[in-house]
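Asks: Top line first, the protein sequences correspond to chains A and B. Mapping of the first sequence onto my numbering: residues 1 to 380, in sequence order. Mapping of the second sequence onto my numbering: residues 1 to 380, in sequence order.
Just so you know, the hints here were simulated from the structure itself, not pulled from any lab data. Fair warning: this is a prediction, and the values are worked out from it, not measured in the lab. Cβ coordinates follow ideal geometry from the N, Cα and C atoms, glycine included. Hints are not guaranteed to be accurate.
Straight-line Cα separation of at most 25 Å, BS3-like style, residue types lysine-lysine; simulated pairs [what the hints assert, rightly or not]: (1) A:K375 to B:K375; (2) B:K362 to A:K375; (3) B:K362 to B:K257; (4) B:K167 to B:K359.
To be clear about the criterion: a stretch of chain B counts as covered by chain A if any three or more of its residues have a C-beta under 8 Å from a C-beta of chain A, and this derived list gives those stretches [what the hints assert, rightly or not]: (5) 263-276; (6) 287-294; (7) 301-311; (8) 335-346.
2 protein chains.
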Amino acid sequence: MTSKNQHSRRTFVKTLSAGLAAGVAVGGFHTEKKAHAEDKKSDSEKSGNKKSLGVALVGLGSLSTNQIAPALQKTSNCHLAAIVTGTPEKEQQWASKYNVAREHIYSYDTFDKVVGDDSVDIVYVVLPNSMHAEYTLRAAKAGKHVFCEKPMANSVADCQRMIDACKLANRQLGIGYRCQFEPHHQRCIEIARSNDLGAMRLIDAGFGFKIGDPKQWRLNKQLAGGGALMDVGIYALQACRYLAGEEPISITAQETKTDAIKFAQVDESITWTMKFPSGVIAQCSTSYNFNGLNRFKAFSDNGYIQLDPAFGYSDIQGESSQGPIKFEQVDHFQLELDDFASCILENKQSRVSGEEGLKDLKVIEAIYESIRIGKTVTIS
Amino acid sequence: MTSKNQHSRRTFVKTLSAGLAAGVAVGGFHTEKKAHAEDKKSDSEKSGNKKSLGVALVGLGSLSTNQIAPALQKTSNCHLAAIVTGTPEKEQQWASKYNVAREHIYSYDTFDKVVGDDSVDIVYVVLPNSMHAEYTLRAAKAGKHVFCEKPMANSVADCQRMIDACKLANRQLGIGYRCQFEPHHQRCIEIARSNDLGAMRLIDAGFGFKIGDPKQWRLNKQLAGGGALMDVGIYALQACRYLAGEEPISITAQETKTDAIKFAQVDESITWTMKFPSGVIAQCSTSYNFNGLNRFKAFSDNGYIQLDPAFGYSDIQGESSQGPIKFEQVDHFQLELDDFASCILENKQSRVSGEEGLKDLKVIEAIYESIRIGKTVTIS
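Okay, chain A solo, but in the shape it has when bound (with noise of 0.2 Å):
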């Protein structure tokens, strides 16, 4: 379809759901209930006779800021419905330059109301890392599909819980691995799948930059679970996964520390092996600690396969042994949301499932464990 037609659709989505919130923006919540008691199909038969699914937001931080709300702009297959936040100033900001009516806005206290928003199909958790589970599954109880950002969560126990929640609500859960839906990646993917340069051998992968404020939430352990590695190490780690194609069987990690006040409570730097079954080796790093680690090569018989830069919101360039990598740059939110509410849409599995997060999940805790124990740890 044209960029012409998908402004329309979104443009007539955006004036009926702004129109439906205007006439029920006087008696609030449950007033809107009501209102749209004619509406009150299964959840699934409304999704599927939605043409564009509504998106609430929890968290307005940068990303949701910078990256997703734009993104939800121009995305085809789901709009920014509804918003969650804890402060005020937000609530008004993004209610004029989104169009958001009061009765989609919520606190963090009044989220669970979203169980009577007809608007809301999808919630995208923006939030802190240790609030993921938390918000993903009280979206869950509320009947909504979940969308999620990287890391899933801060243990594989609460990815698991994640994915229960989601399983008996009979909801999606998908998680923000943006890179998936990025055409350089896509076509790294193929290549690898396709066998054309033999077998992999060896994949060297990295993520890092040099955070800024020291008081920001990614540096609290409570909140961000880890450092450097939960944050973008975990692209490196996703990368290796599906270049290889299997699951790492063995990990051997360190960690470096260099500023032990900046970094007191957690990673500055860490650098991992992980060994697959088929053979293949990944050396990984990842850094809070300096820019311009970002990017991945993977060796095969026959040639190789590389991104660099490979994990930022743009400018990815890419070669293989077989000539450049080259597509349009594009936005990978709009491409990962667009994917997701199709999924829900057409009833199929999303790709970056709750069960590709946990399977991160697994991966991160025995980096940490290794680095722990000063030994390699084996994953079964």
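With chain A's structure known, arrange chain B on it following the hints.
Replies: This is chain B only, laid out in the frame that chain A set:
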């Protein structure tokens, strides 16, 4: 000096050597000794008076044939003066190709007679690794300076014996770390030492290739001491040491074997991590099972330096965050040999001394130990 001058000097030296050799050819080795009796000054006096030192090449395999002998046609401070081989056909080929007189041709049995061959100042050991120590000791005993291919030996203990023997004989010992004389590498070292890019944080380095003939000595543990690590991984190791400018304090390593027949005796692929005192961490890899791994990248606080390809005989390509690192491709062997000869002539220590070779073996032993025990190994 211009290349014209270099050529004139080389031509002069070659003509002189050939003339002397021709004059004594009939009488053989002992006659020649007598003919050179007027040269019987102390070794250092002799070297000091020479403009170009004579090199005896021990082992005429592909490295000597394709790289070192051609390089010795281009060197200014040294020249090919003698050969040592166990293969009679090679004697003929080399004698005619390089104008080597009979009395400067040795077998492994007659090698010790080089003691009386005043045309030989330097013995260049280009034998399988396990023979480096023996021939270095024999050469030192014969009063010759020794240049020895990497890896210096198969153990730290052998390295120490080689150092001691050369010290005792008051001869210089140099190791064939050709990259230290290559301008792209030199520029990277210069940038690293200048601290222009701030503190170095992470080095990724790897070198490998797909090895052919399964019957070659490089796959024989007794001769090679080890596999990919000893042969080419050592380049990545060296690079990390000269980029970091310090010695690693801990090593964590893993081995991967996908072909247990071909690599029954030696390592196929090894990945290892080195921590340095300042906090730099190096991630390295080596393999005998695929091509294309041939690079390093060092990330610092304010930028990076990288060579890719890094370690071949030619086609070194470099860049830093400040721009391209671009020099003419040069003959690494010519440069290393001219430098070693000039160190002898000027009585200064070679930068690629035996001590430097021993330091790499120390790390290599730690890598194999880490693989054996499955734990991090501390180097004191």
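Asks: Does each hint fit the structure? Answer for all of them.
Replies: Hint-by-hint comparison with the structure:
1. A:K375 to B:K375: holds, 5 Å
2. B:K362 to A:K375: This hinted pair holds, its Cα atoms lying about 21 Å apart.
3. B:K362 to B:K257: Between B:K362 and B:K257 the Cα gap is close to 23 Å, so the pair holds against 25 Å.
4. B:K167 to B:K359: holds, 17 Å
5. 263-276: holds (count 4)
6. 287-294: Holds, because 5 residues of the stretch 287-294 of chain B bring their Cβ atoms closer than 8 Å to Cβ atoms of chain A.
7. 301-311: holds (count 3)
8. 335-346: violated (count 0)
Checked against the numbered hints above, the structure violates only hint 8.
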